[in-house]
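Visitor: Each chain is listed here by its residues.
2 protein chains.
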Amino acid sequence: MENQYTPPKIWTHNDDNGGAWASVNRPISGATHEKTLPIGKHALQLYSMGTPNGQKITIMLEELLALGKNAEYDAHMINIGNGDQFSSGFVALNPNSKIPALVDHASETAEPIFESASILVYLAEKFDALLPKDGAKRIHVFNWLFWLHGSAPYLGGGFGHFYAYAPEKFEYAINRFTMETKRQLDVLDKQLANHEFVAGNELSIADIAIWPWYGNLALGNLYDAKDFLQVHEYSHVQCWAKAMLARTAVQRGSIVNRSWGEPWEQLENRHSAEDIDKVLALKPV
Amino acid sequence: MENQYTPPKIWTHNDDNGGAWASVNRPISGATHEKTLPIGKHALQLYSMGTPNGQKITIMLEELLALGKNAEYDAHMINIGNGDQFSSGFVALNPNSKIPALVDHASETAEPIFESASILVYLAEKFDALLPKDGAKRIHVFNWLFWLHGSAPYLGGGFGHFYAYAPEKFEYAINRFTMETKRQLDVLDKQLANHEFVAGNELSIADIAIWPWYGNLALGNLYDAKDFLQVHEYSHVQCWAKAMLARTAVQRGSIVNRSWGEPWEQLENRHSAEDIDKVLALKPV
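Top line first, the protein sequences correspond to chains A and B. Residue numbering for the first sequence follows the numbering used here, beginning at 16 and increasing consecutively. Residue numbering for the second sequence follows the numbering used here, beginning at 16 and increasing consecutively.
So that you can see chain A by itself, here it is in the shape it has in the complex (with noise of 0.2 Å):
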């Protein structure tokens, strides 16, 4: 056996464990360094990046102003491969140091909300959209949103990791995150063949939850792990995906507080409509 590696009685931390994102784990939490946070002028302040758990917040947002509702909103950019989730205004407001985190000057005494499941069931309560308020309806959109919230570690912080970014191969972390990554999709596969959406015929904040993971990585926009992982096997997933995709406030929400990919997937602060529509018009028809 090649691996003769034995656990230490007690672990020490040693910098140079960790890949591509080595700079950015700690095994402690905290502010590593003083900085305040930009707040603009509307009511909702999002920091966040344009990652699938940042996506969830500005699809939100976008599909609550396509419903009519007030929920214009500033989302700046908070660069975590830069550190800055580790600023101390950042930090005030969520000591998990993970983005999305919102704040609502509207509210009573703006409470920082982080967590993007927790900012989704404010934002849903908030403005009473996307979260039926009882029944099985209620039931089925928390089931979902729960079981993204418990799964997409193991497709992030699991295979994500693994498969993209850690500096060698592990082949048994590999195999072991795949066949979880695989099994996930395909019990939201099934779920999806007899419902249009996943809690039922309905949008809901499980679907904006569930796309930003699942659905970019049907559509083979994470991880470059299409083929990996045969992604077109699961056709619900696919024909759920695309339907999402095809919705104006996926496409807006989308490009928010990115500054990767094509020119009109890039707005690393949002402030307005405009702010928007400037960059998808860059888009090539």
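Don't read these hints as lab results, they were simulated from the structure. Accuracy of the hints is not assured; some may be wrong.
Not everything, but these chain A residues come out facing chain B in the computed CB check (under 7 Å) [unchecked claim]:
id	residue
1	His48
2	Thr51
3	Val136
4	Phe161
As the structure is a prediction and not an experimental result, all values here were calculated from the model. The beta-carbon is built from N, C-alpha and C at its ideal position, and this holds for glycine as well.
With chain A held as given, fit chain B onto it using these hints.
Guide: Coordinates of chain B only, in the frame set by chain A:
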């Protein structure tokens, strides 16, 4: 470099992979065998196992009973080591084949509720307890409830798997997930430095979700990792974990659907308060 693995273009399943849980991990979902589930006499029927995710629900139910709510329940063992989660009956409740799942036969459609946190939200709303209805307190509970749901996979599926269950000790993976687990403990420790309970000064479903994972970990009851993680360093987590353990409901809920540990920690199925009383009575004084 010893590690010469190159992933194939298309991943294929190999039964040899998986470690201690290899037999229950598959790349597809769905039932493996036909079997109906038992149904007891109470409205609330829980299908679960006393792992941390299962303990959340039985602790919640015992807390509700302690509050005088009519939360009587039957708790049926779903032994995940034996593949009970792949029975047709269980898959019909939770297509994701994870414990716990709950059915409320007093509700209009007896809709299956799955994902531990979805069950916590359902029970909190049904019995109007442990989840504030609005304002800053509600935000805090949802922030930390989702924090747990997104963090625990790194503890259980990451650290626990690679430290305790994987067929070999993989140094990189152990380091990665140990670092994240210690960071999470530190996040929690800082929050508990200023709050009696995780989401503020009142017990909530956030504590009930977090204690079975990080409380048990801090008390040395998970993965035999007390020294490795130096859990004693997280003094506020220690204090909270012990205060939670001192609660009657936590002691009662922790032993349900368990078939391991000391004799007074094992109650395979629970149909009445007396079932728990009898097992706890075995504890030496």
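Visitor: Indicate, hint by hint, whether the structure satisfies it.
Guide: These are the hints, each one checked on the structure:
| no. | hint | result |
| --- | --- | --- |
| 1 | His48 | violated, 17 Å |
| 2 | Thr51 | violated, 20 Å |
| 3 | Val136 | holds, 6 Å |
| 4 | Phe161 | holds, 4 Å |
In terms of the numbered hints stated before, the structure departs from hints 1, 2, listed from lowest to highest.
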